[in-house]
Amino acid sequence: MKKKKVLVACGAGIATSTVVNNAIEEMAKENGLKVDLVQIKISEVGAHRDTADLLVTTAMTKNEYPFPVINARSFLTGIGTGQTKKEILEALKA
Amino acid sequence: MRLNESTILLNVEAGTKEEVLRVMGNNLISLGLVKDSFVPAVTAREKEYPTGLPTAGVAVAIPHTDVEHVLKKTISIATLKEPVTFGVMGGDSSESVKVKVVFMLAMEEAHSQLSLLQQLMQLFQDEKKLMTIVNATKTEEVTELLYNNLGLNTQGGD
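Those protein sequences? They're chains A and B, same order as listed.
Residue 23 in my numbering is what sits at position 23 of the first sequence, and the numbering runs on without skipping anything.
Heads up, my numbering is the position in the second sequence plus 1000, with the first residue counted as 1.
None of these hints come from the bench; they were simulated from the model.
A virtual CB, placed ideally from N, CA and C, is assigned to each residue, including glycine.
Some clues are possibly wrong.
[Stated by the list, open to error] Here are the simulated distance ranges between beta carbons: (1) B/SER1030 - A/MET27: 40 to 48 Å; (2) A/GLU44 - B/LEU1071: 23 to 31 Å; (3) B/GLU1095 - A/GLU44: 18 to 26 Å; (4) A/ASP50 - B/GLU1144: 46 to 54 Å; (5) B/LYS1138 - A/LYS34: 44 to 52 Å; (6) B/SER1115 - A/GLU30: 13 to 21 Å; (7) A/LYS3 - B/ASN1135: 44 to 52 Å.
For reference, chain B alone in the conformation it holds in the complex (with noise of 0.2 Å):
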């Protein structure tokens, strides 16, 4: 799993989720981890299945699409300078959340990051974890974070 500073984004000033996306997008994009067809198609999954999860502490949201459109697998992550409306996952579509930390993944295949996703979700669970994110001032403090409770490796590679 790909995980470097150059996929954290802190203070995101956007007014809309498909702002958001498109930001974080066009960042994986211009690295070379996805391909330009990612950012239409993870908004449109959005649009159709949201993603959006009232945990316990600050809302977060887990915006992904089809492996078809990965060229790496990553997990890119943006603090929002003022939480955007999501969807809810698995709500009726009257259903929105205020979310304040978008991790966007890049999936490359399908069933193969069990472990990962288990310790993101883990992760949602712990609302001091989560502020610590929140208020993160240095992509350092997340990348540590997450190298610390998802066990990835912070110098790019797989």
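Looking at chain A on its own, in the form it has when it is part of the complex (with noise of 0.2 Å):
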């Protein structure tokens, strides 16, 4: 399988999506997937757009992009992790 590159995203590209950059580092060693994991804020995901193959993002987006967006709030708040989780590893088995 080809090794996807996932985008996660906050604001300021240094708070929330560390945590969640973490969060699938951690999803993608369990479930043995390489992926190729950039962090950066969401002003910069323009630049990935014809490269990426997921956004994961606590910011939000109203643009519209090739790949799946994903919200991962949940990973800030325990509420849903679980839901979010699935989506991930779903996108990213895909």
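Grab the two chains, each in its own frame, and use the hints to assemble them into the complex.
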């Protein structure tokens, strides 16, 4: 399977994306998936438009992208984490 | 990570999130922990990328901004006398949440705060501990809880 390029973004690219980045890293390891994680500000997503496979973000985005966008707020609040993980795993395996 | 009682503000009276950010940010400026540009930067970012988190207990917000506005990495905490409306992180612009505790993060370096941030998120998910902060009448109660839960040094420094 091709290594997936996953964008992990938040507003400033330093705080919540760090937590989400780590959570995905652990998930990928547990499931034996190879991913290329790129931690950025949400405003920088456009630059990766043609090369990314997935965007996981805690910030809102109104833009349309050619790859799935998953909201990862649950990693911060603890509410609905299971569902978010499931969505991410499905996207990584797709 | 610097944490001292002067960055803990209890029972702040504020009507809007802008007011909360100003009170907290100006305090950090007066302590020499962030630059003057921090307040407008954090306010602008909050507008564009809100940081309210509808956690299980009381809702919190974690306003922060780019590293160039920060002099020393710091967490500032404010409990609010009356809840203040913040936008919801990752929500659409109509979503809002009544926030009772604000954790203002002054990050100095990108990508270097993982364990602290993880512990902070754990704290948000612990309703009992959040209530301890909300109900605190002395700043020492908050610093002690943070010290025990975030592994921080209570006496300034790094």
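Hints and how they fare:
1. B/SER1030 - A/MET27: 40 to 48 Å: 43 Å, holds
2. A/GLU44 - B/LEU1071: 23 to 31 Å: Distance hint for A/GLU44, B/LEU1071 holds at roughly 25 Å.
3. B/GLU1095 - A/GLU44: 18 to 26 Å: 24 Å, holds
4. A/ASP50 - B/GLU1144: 46 to 54 Å: 51 Å, holds
5. B/LYS1138 - A/LYS34: 44 to 52 Å: 50 Å, holds
6. B/SER1115 - A/GLU30: 13 to 21 Å: 19 Å, holds
7. A/LYS3 - B/ASN1135: 44 to 52 Å: Check passed, 49 Å falls within 44 to 52 Å.
This entry satisfies every hint, going by the numbered hints stated previously.
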